[in-house]
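Read off the chains here:
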Amino acid sequence: MQVYLPIAEISVDVFLLLGLGTFVGFLSGMFGVGGGFLMTPLLFFIGIPPAVAVSTQANQIVASSASGALAHWKRKTLDLKMGLLLLAGGSIGSILGVQLFAYLRSLGQIDLFISLSYVGFLGVIGGLMFLESVRAILQRRSGGKGVGGNRRKRGWIDRLPFKMRFPQSGLYISVIPPLAIGLLVGTLAAIMGVGGGFVMVPAMIYILRMPTNVVVGTSLFQILFVTALTTVLQAGQNQTVDVVLAMLLIVGGVIGAQFGARAGRHIKAEELRALLAFMVVAVCLKLGWDLVVTPADLFEVLAQDGSAH
Amino acid sequence: MIGALLLSLLVQGQPTLLANEPPSIVAALTHETVEIREDFSGQELVLYGATRGLTIQDEIVVVLRGPGQDLRVMEKQRTFGIWVNSAPLEFEDIPSYYAIATSLPLEDIATAESLAGSGIGLPATLAIRAAPTAARADRDIRPYLDAIARAGRRDDLYAEAQRGVEILDGGLFRASISLPPLTPVGNYVAEVYLFRDGRAVASRSASLRVEKAGLERFVFQFAHTAPWLYGLFCVVLAVLAGYIAYLAFNRR
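These protein sequences, in sequence, are chains A and B. Counting from 1, one number per residue, gives the positions in the first sequence under this note's numbering. Counting from 1, one number per residue, gives the positions in the second sequence under this note's numbering.
Simulated from the structure, these hints should not be mistaken for lab results. For each residue, glycine too, the CB sits at the ideal point set by N, CA and C. All clues stand as given, with none of them false.
List of simulated lysine to any residue pairs, SDA-like, C-alpha gap at most 20 Å: (1) K286/A to L112/A; (2) K286/A to I82/B; (3) K286/A to K76/B; (4) K81/A to F162/A.
Which chain B residues face chain A? A few, computed with CB under 10 Å, are given here: (5) Q77; (6) I148; (7) V219; (8) Y246; (9) A248.
Modelling step: build the complete structure from the supplied sequences, incorporating the hints.
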């Protein structure tokens with residue numbers, strides 16, 4: 001059954017979109033990742049204009065982070081003060097990112113920029129995940145214990161000014177690192193359509209040294225509000241949010257995430273993590289290949305507003 | 001509709017096949033508006049027409065032209081190993097849709113010069129519309145025009161149907177034209193030409209409007225007339241969906 005997407009202005013199969021949403025939702029439920037970094041490139045591959053894919057994906061993440069953030073809010077496993085600080089940085093990043101997005105779109109370079117960003121990020125993340133899971137599998141095979149326990153001192157982070165107390169996390173640190181992390185994540189939300197949890201969670205654990213029980217809730221809280229802001233900005237400034245596409249992805253994603261979470265409890269994590277890493281690297285290579293291979297048509301026809309013809 | 005056409009011909013007089021009579025033509029489309037709804041995946045249009053003074057050597061050419069749009073065409077160049085859009089040229093008022101249906105292959109109906117002069121056919125139309133760009137460009141614009149034609153054909157927005165016009169008895173004819181899934185919205189013009197000895201001796205035009213309807217129209221207009229409110233609406237809808245998911249799956 002075909003559906004005509006009003007903003008993307010193409011006709012796509014409903015079940016393909018629901019299926020993609022369910023598939024990525026399943027993975028995100030299983031691994032606890034947002035899935036935006038997989039969904040956006042998949043949308044490129046089925047022909048959604050990259051600018052619309054990125055903006056609409058931000059809208060989808062609003063829904064997936066909302067249910068997660070609510071659950072953590074109820075359980076009080078989020079550091080509101082830290083979340084607000086990350087959100088402040090994220091808002092600035094989102095505003096800057098959307099301006100950059102609009103500027104590159106007016107130059108006709110937005111598609112290339114999005115692809116390049118994805119190749120870079122997916123390459124780094126996929127590579128790290130792959131190494132991590134290979135190491136974990138090897139360790140389990142050799143019966144060794146996890147590394148852990150080598151918490152070094154924060155060093156330069158402790159020397160930064162503007163310190164603030166975060167009772168929930170038991171931290172007394174400068175506001176600069178959280179603001180900077182938030183800023184980076186907000187920019188990623190605007191130009192790549194990802195929540196940025198895959199950057200923020202490790203940064204919160206290894207740079208800010210936050211206790212792990214509040215990390216996920218706090219990051220979901222920040223992602224919820226940053227992606228909401230990004231959605232409004234993209235819709236207002238670039239008119240690239242497709243609500244029909246977003247809703248189909250949300251419905252698929254919600255269902256997939258429930259099955260994924262259930263499946264994740266019964267399956268060996270390391271092998272699956274290696275599989276996810278493999279997929280991330282595969283998507284990265286495909287995007288990278290498309291940038292390098294001689295295109296079928298050496299000319300590109302763009303509508304004057306910057307979207308593809 | 002065919003009845004009305006026949007009537008109009010009868011009012012003008014009995015159709016005769018005398019070559020010395022001034023030729024004339026009437027035409028109408030099966031649709032005056034085409035609505036793009038959520039399930040739109042293209043549509044077939046039929047144009048019916050009738051002629052007076054049609055001789056055996058005469059041929060019919062039907063052109064359906066979509067609204068003009070401004071385009072930027074960029075040439076990809078390899079920079080540091082990757083292909084980057086560069087060397088942009090801007091074009092104004094290029095037809096977003098152009099379909100031509102003929103009773104014989106176009107090149108057998110008239111010479112390229114004659115078509116170029118009357119602006120019939122895609123190459124001629126593009127050349128005329130691109131004249132301002134050609135005047136200010138510092139390089140050959142032909143590769144760019146070819147790229148526009150290729151892009152249009154890829155999306156079935158530019159189409160040519162040789163023998164797409166069927167000449168029936170009594171000076172009647174029928175042309176079928178298909179609108180693809182990517183059909184742009186706006187005002188379309190259908191032009192019908194009667195060719196004799198390589199020249200258009202009579203012509204007639206009809207109009208067609210393509211518009212979004214139903215949910216498509218609502219969402220598109222909402223997103224473009226009140227974009228900020230639309231953005232808020234998208235967020236509210238997503239939060240609501242997330243909340244429902246939370247209620248359904250997380251409550252113990």
